[in-house]
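Undergrad: Since the structure of chain A is already known, use the hints to place chains B and C on it.
Spelled out, the chains give:
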Amino acid sequence: MIQAAAARIKKNYLNEKIGLLSWLLTTDHKRIAILYTFSITVFFFLGGFFALMMRLELLSPRNWLVSAGTYNKLFTMHGIIMVWFFLIPSIPSTLGNFLIPMMVGAKDVAFPKLNLVSWYIFMLGGCVTVYALFRGGVDTGWTFYTPFSTSYSTTYVVAAAVGIFIAGFSTILTALNFIATIHRMRAPGLTWFRLPMFIWSMYANSVVLVLNTPVLAITLLMIAVERIAKVGIFDPTLGGDPVLFQHMFWFYSHPAVYTMVLPAMAVISEIVPAFSRKPLFGYKAVAFSSIGIAVLGFLVWGHHMFVAGESTYSALVFSFLSYCVAVPSAIKVFNWTATIHRGSVSWDTPMLYAIGFIGLFTIGGVTGLFLAALGLDVHVHDTYFVIAHFHYIMVGGAVMAFLGGVHYWWPKISGKMYPEGLARLSALIVFLGFNLTFFPQFILGYLGMPRRYAAYPEEFQMLHVLSTAGATILGVGYVLPLCYLIWAWQYGKEAGPNPWRATGLEWKSSSPPPTHNFEVTPVVTAKQPYDYEAMKEELQLV
Amino acid sequence: MSELATLACREQFATPEQQRETATIGMWAFLATEIMMFGGLFTAYTVYRMSHPQGFEAGSADMNILLGSINTAILLTSSLMLAFAEHSAQAGNQRLLSFFLIATIVIGLVFLGIKFTEYYQHFQEHKAPGLWFEDSSPHASSIQMFFVFYFIMTGLHAVHMTVGLGILLVLLFRTFLGTFTAHYHTPIMFGGLYWHFVDIVWIFLYAIFYLPGLHK
Amino acid sequence: MITNFRLLPQSASSVAGQVDLLFMLLLIVCAAVSIGIAIFLIYSAVRYRRKSENELGSQNRYNIPVEVTWTVVPFIFFIAVFVWGAKLYFEIKRPPDNAITMYVVGKQWMWKIQHPGGQREIDELHIPVNRPVKLIMTSEDVIHDFFVPAFRTKQDVLPDRYTTTWFEATKPGKYHLFCSQYCGTKHSGMIGWVYAMSSTDYQRWLTQGAPEGSLASTGEKYFHQFGCANCHHFGNQGRCPDLRNLYMRPVLLTTGRTIAADDSYIREKLRDPDAQIPWGFSSGVMPNFTGVVSEEQIVALISYIKALGPQPGTQEPSSSGAVPAEYGTQKGIGGPGATSNAGSQVEER
Numbered sequence: 000m001i002q003a004a005a006a007r008i009k010k011n012y013l014n015e016k017i018g019l020l021s022w023l024l025t026t027d028h029k030r031i032a033i034l035y036t037f038s039i040t041v042f043f044f045l046g047g048f049f050a051l052m053m054r055l056e057l058l059s060p061r062n063w064l065v066s067a068g069t070y071n072k073l074f075t076m077h078g079i080i081m082v083w084f085f086l087i088p089s090i091p092s093t094l095g096n097f098l099i100p101m102m103v104g105a106k107d108v109a110f111p112k113l114n115l116v117s118w119y120i121f122m123l124g125g126c127v128t129v130y131a132l133f134r135g136g137v138d139t140g141w142t143f144y145t146p147f148s149t150s151y152s153t154t155y156v157v158a159a160a161v162g163i164f165i166a167g168f169s170t171i172l173t174a175l176n177f178i179a180t181i182h183r184m185r186a187p188g189l190t191w192f193r194l195p196m197f198i199w200s201m202y203a204n205s206v207v208l209v210l211n212t213p214v215l216a217i218t219l220l221m222i223a224v225e226r227i228a229k230v231g232i233f234d235p236t237l238g239g240d241p242v243l244f245q246h247m248f249w250f251y252s253h254p255a256v257y258t259m260v261l262p263a264m265a266v267i268s269e270i271v272p273a274f275s276r277k278p279l280f281g282y283k284a285v286a287f288s289s290i291g292i293a294v295l296g297f298l299v300w301g302h303h304m305f306v307a308g309e310s311t312y313s314a315l316v317f318s319f320l321s322y323c324v325a326v327p328s329a330i331k332v333f334n335w336t337a338t339i340h341r342g343s344v345s346w347d348t349p350m351l352y353a354i355g356f357i358g359l360f361t362i363g364g365v366t367g368l369f370l371a372a373l374g375l376d377v378h379v380h381d382t383y384f385v386i387a388h389f390h391y392i393m394v395g396g397a398v399m400a401f402l403g404g405v406h407y408w409w410p411k412i413s414g415k416m417y418p419e420g421l422a423r424l425s426a427l428i429v430f431l432g433f434n435l436t437f438f439p440q441f442i443l444g445y446l447g448m449p450r451r452y453a454a455y456p457e458e459f460q461m462l463h464v465l466s467t468a469g470a471t472i473l474g475v476g477y478v479l480p481l482c483y484l485i486w487a488w489q490y491g492k493e494a495g496p497n498p499w500r501a502t503g504l505e506w507k508s509s510s511p512p513p514t515h516n517f518e519v520t521p522v523v524t525a526k527q528p529y530d531y532e533a534m535k536e537e538l539q540l541v
Numbered sequence: 000m001s002e003l004a005t006l007a008c009r010e011q012f013a014t015p016e017q018q019r020e021t022a023t024i025g026m027w028a029f030l031a032t033e034i035m036m037f038g039g040l041f042t043a044y045t046v047y048r049m050s051h052p053q054g055f056e057a058g059s060a061d062m063n064i065l066l067g068s069i070n071t072a073i074l075l076t077s078s079l080m081l082a083f084a085e086h087s088a089q090a091g092n093q094r095l096l097s098f099f100l101i102a103t104i105v106i107g108l109v110f111l112g113i114k115f116t117e118y119y120q121h122f123q124e125h126k127a128p129g130l131w132f133e134d135s136s137p138h139a140s141s142i143q144m145f146f147v148f149y150f151i152m153t154g155l156h157a158v159h160m161t162v163g164l165g166i167l168l169v170l171l172f173r174t175f176l177g178t179f180t181a182h183y184h185t186p187i188m189f190g191g192l193y194w195h196f197v198d199i200v201w202i203f204l205y206a207i208f209y210l211p212g213l214h215k
Numbered sequence: 000m001i002t003n004f005r006l007l008p009q010s011a012s013s014v015a016g017q018v019d020l021l022f023m024l025l026l027i028v029c030a031a032v033s034i035g036i037a038i039f040l041i042y043s044a045v046r047y048r049r050k051s052e053n054e055l056g057s058q059n060r061y062n063i064p065v066e067v068t069w070t071v072v073p074f075i076f077f078i079a080v081f082v083w084g085a086k087l088y089f090e091i092k093r094p095p096d097n098a099i100t101m102y103v104v105g106k107q108w109m110w111k112i113q114h115p116g117g118q119r120e121i122d123e124l125h126i127p128v129n130r131p132v133k134l135i136m137t138s139e140d141v142i143h144d145f146f147v148p149a150f151r152t153k154q155d156v157l158p159d160r161y162t163t164t165w166f167e168a169t170k171p172g173k174y175h176l177f178c179s180q181y182c183g184t185k186h187s188g189m190i191g192w193v194y195a196m197s198s199t200d201y202q203r204w205l206t207q208g209a210p211e212g213s214l215a216s217t218g219e220k221y222f223h224q225f226g227c228a229n230c231h232h233f234g235n236q237g238r239c240p241d242l243r244n245l246y247m248r249p250v251l252l253t254t255g256r257t258i259a260a261d262d263s264y265i266r267e268k269l270r271d272p273d274a275q276i277p278w279g280f281s282s283g284v285m286p287n288f289t290g291v292v293s294e295e296q297i298v299a300l301i302s303y304i305k306a307l308g309p310q311p312g313t314q315e316p317s318s319s320g321a322v323p324a325e326y327g328t329q330k331g332i333g334g335p336g337a338t339s340n341a342g343s344q345v346e347e348r
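Residue numbers (numbering that gives the first Met the number 0), protein chains in the order written: chain A, 0 to 541; chain B, 0 to 215; chain C, 0 to 348.
Keep in mind the hints are simulated off the structure, nothing from the lab.
There may be inaccurate statements among the hints.
Claimed, not checked - Where chain A lies over chain B, by a calculated footprint (3+ residues, C-beta under 8 angstroms):
1. 23 to 29
2. 141 to 147
Unchecked claim - In silico DSSO-like pairs for lysine-lysine, Cα to Cα no more than 27 angstroms straight-line:
3. C:Lys106 / C:Lys173
4. C:Lys50 / A:Lys535
5. A:Lys535 / A:Lys492
6. A:Lys507 / A:Lys415
7. C:Lys50 / A:Lys507
8. A:Lys229 / C:Lys185
Owing to the predicted nature of the structure, the values given are computational and were not obtained by experimental measurement.
The beta carbon of each residue, even a glycine, is placed where N, CA and C say it ideally should be.
Bound-form chain A, shown alone:
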């Protein structure tokens, strides 16, 4: 009791300065992480609202709720918001921002001012995109395929493209900050192979973002120029090549898929050892598989274009490389599973999310094998099979990991514990709701239901109804954590510095941490990461 009171008085990053201005002008990576958390939560529920509207519309084979045009805008805005304003920044900008400096034992990221500037750029990009939305939306699909986006769509394509263009700089600057931090800001003794896996994955992720985001920027710039000046860059009637757009777009967007899931893998690679009280199994294999994904991820973009008119031989190469990139992902799944085996497994909420993640990511991964098989892709391409596949990776994977990570580090971020029972219940709701939403879509896809259809033949209705039912459950599963986490911020039990008895450097600091993270810069002497053996005494484990 007295200790708790003492902790309350203790100066930390939250109470050292107060007032709105102290937040808006902060250069503290932890506060910037909170700013990002706030922003992406808003975007997540905005994108989720669009998704729910789409699912409701699809209850009936005919347009009953919204018109076809509105439906097209709904899925476009859902995609744009979720991809660029939630998934890509989600884990890096929030958990990454908060944890990377702490995990490497630094006082802050390498360039704190740049970090704050990134957030402002992100918000500016978000505002421009939301402006496009309120002016009437965009109906091109998040993929902006030409020549529809450049010459035929009458909606606010340029505004949306500019919004994404701006947000892209925020992504680049954050990634650049992380690269410099991880390279040069590590505490004494913290060599590469002593780093937690979170850092490895985030590093691979940042490298990908630095290299692929500018390509998207330039592609969107060309779209904007083509629309504004009415010249031909991608429009074939003016001498352009619409397939070149697809190449450039997917050169960005396929690695972008990995930038959504690599951070998720980073989180899972922390949760699984912590809640099994066991070192991550096959540390080096997992570390190099992250690098492998980052490198190979740049070489497989053509698998989005097997039926788009690319040559049979390039399709062969891209298919082969896609199978190669599946190997490192498989390695990770096996290693996480092996880590849990013979551990001391707790069933706390983060672990439930992690186990859910492994299951769903496995399904998402193996269905990728179907899509990479050339002859099979011809049938399932651009159907609900693809939708289900990437939602298993993005929602079943990335969002589950995000929620798991938020629960895992919430005691560190806020200094408070959340209500465990309620949290476990909502993890279960999310898992069940998710599967009910997206599993029927695999069947729909193989049956031949094309994506982006506002209306559809009657025989698909039953599966669509199931999917919509799942979506409402999933919605509840997402609102619950929002409520109890906010509640816990104020009323939760004091967490103490290391409630899970985990090994990372971040847990050596108090909760919430002081402004410069550590009272004294930590010196790492343990030869290996996750060294429970060496920390037995400290963590009071037997």
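TA: Relative to chain A, chains B and C alone:
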């Protein structure tokens, strides 16, 4: 000396050495981003040059090779001036440093002046793509495509030049304040890296826009 | 409320069975592996559930043989799937030589189909069963995609270029035709039906349509209407190439390259006459027909040139030696100065 060194070190770093190394990594990562950005455009240019060979040659023949070559020489000179500036900074000679910085800025401005003269000429000759574009040759649409890439790529380059000039002005201002010494001149080095990068990009732009039409 | 609920799509083409076979095999293996992982995961989580607050797990960090195994074994399996998928892809992509060629023009938001016999359809495609059908497709505006789930075929339809797909229906019936590349407001309305018919029904359907003439003869009309015949009058090797015996033959270009005079090449000549000029001819002679001739008219013109093409039994054999099936539907096609090719028809109606 150590006092000076601590002064130049921000709170998140342990030593000025660490600060300099960290900034270097950041700078190179940033240049990697820039390379990918221009790389996307170069790729698109290459694809269209292959599919519209005559149009691109004809478009290139409309370029003012004289102004382009002068501009290349000018930009290379500016890089040389900046290299001298970096050298002066290392030597701790503030007067020479500010002199060479001013020289770089002036030469950079001359480059932009010539570039905009060229743009103006293109507008006058109705070569600017879009509504103003006029061409009666059978390759009109390919020529327009050439000019689309010409304007986007050299325009983006000019934007980079402008940003570079802004950076140099800030560096000049800080030189007047006496910020840079023989021990602390990392910003000058980074300004130099950026400027040289922009310079190298121009050499490629010169090669792909001015030279293809030469043999006509 | 719910009719024809099913878990697997109809299977009605020569490749559908093979696609389903690969799908089912992959499904069984992947389901087995996924369920295996799930069972192991749950088993581990239950069996090794933390019993006391201070418990520590095993501190085992790696096991190289096991790790190598689970890297190599999946990789070998992946390669096997890759090879199988690729083999199937080649089959789906490569039309047989004896396929009937039909032309598809997609536009927002309808499918326009032209048969070699001159029949035209919108959002409907009638085909005979047990005969391969090849579709040469293009779009008038944005990218569309021709998708028939029951046939397991799908191909993007691009503006300003031809893409092809083919299928051989095996069961008579009525099958969904979808546009599966998002193409604008009424994308979900760009649907239709494919009717696969027995050959007698198909013949009846062909005659019912009573078109004015075959596609090639329509093309001949356009050939005169657009003034093509003024220069390309056969027999006179002037400033324009002779179009007889041109189709699918190699053409030597001024650049020294050789290109096959296929549908795409002929189409490109109309859209950009000065690109890829044949050896011995100069640019700037032929006018540009962009915006003058519609995609459907181009298709007819190509059919006409095709009908003037190398015929079996004439002096030079065609490169493929194939007998395009549609010759049987074209009677009396000839050009100014051309000899009648009626004698070269090979298939009886």
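Undergrad: Hint numbers the structure violates, sorted upward?
TA: none
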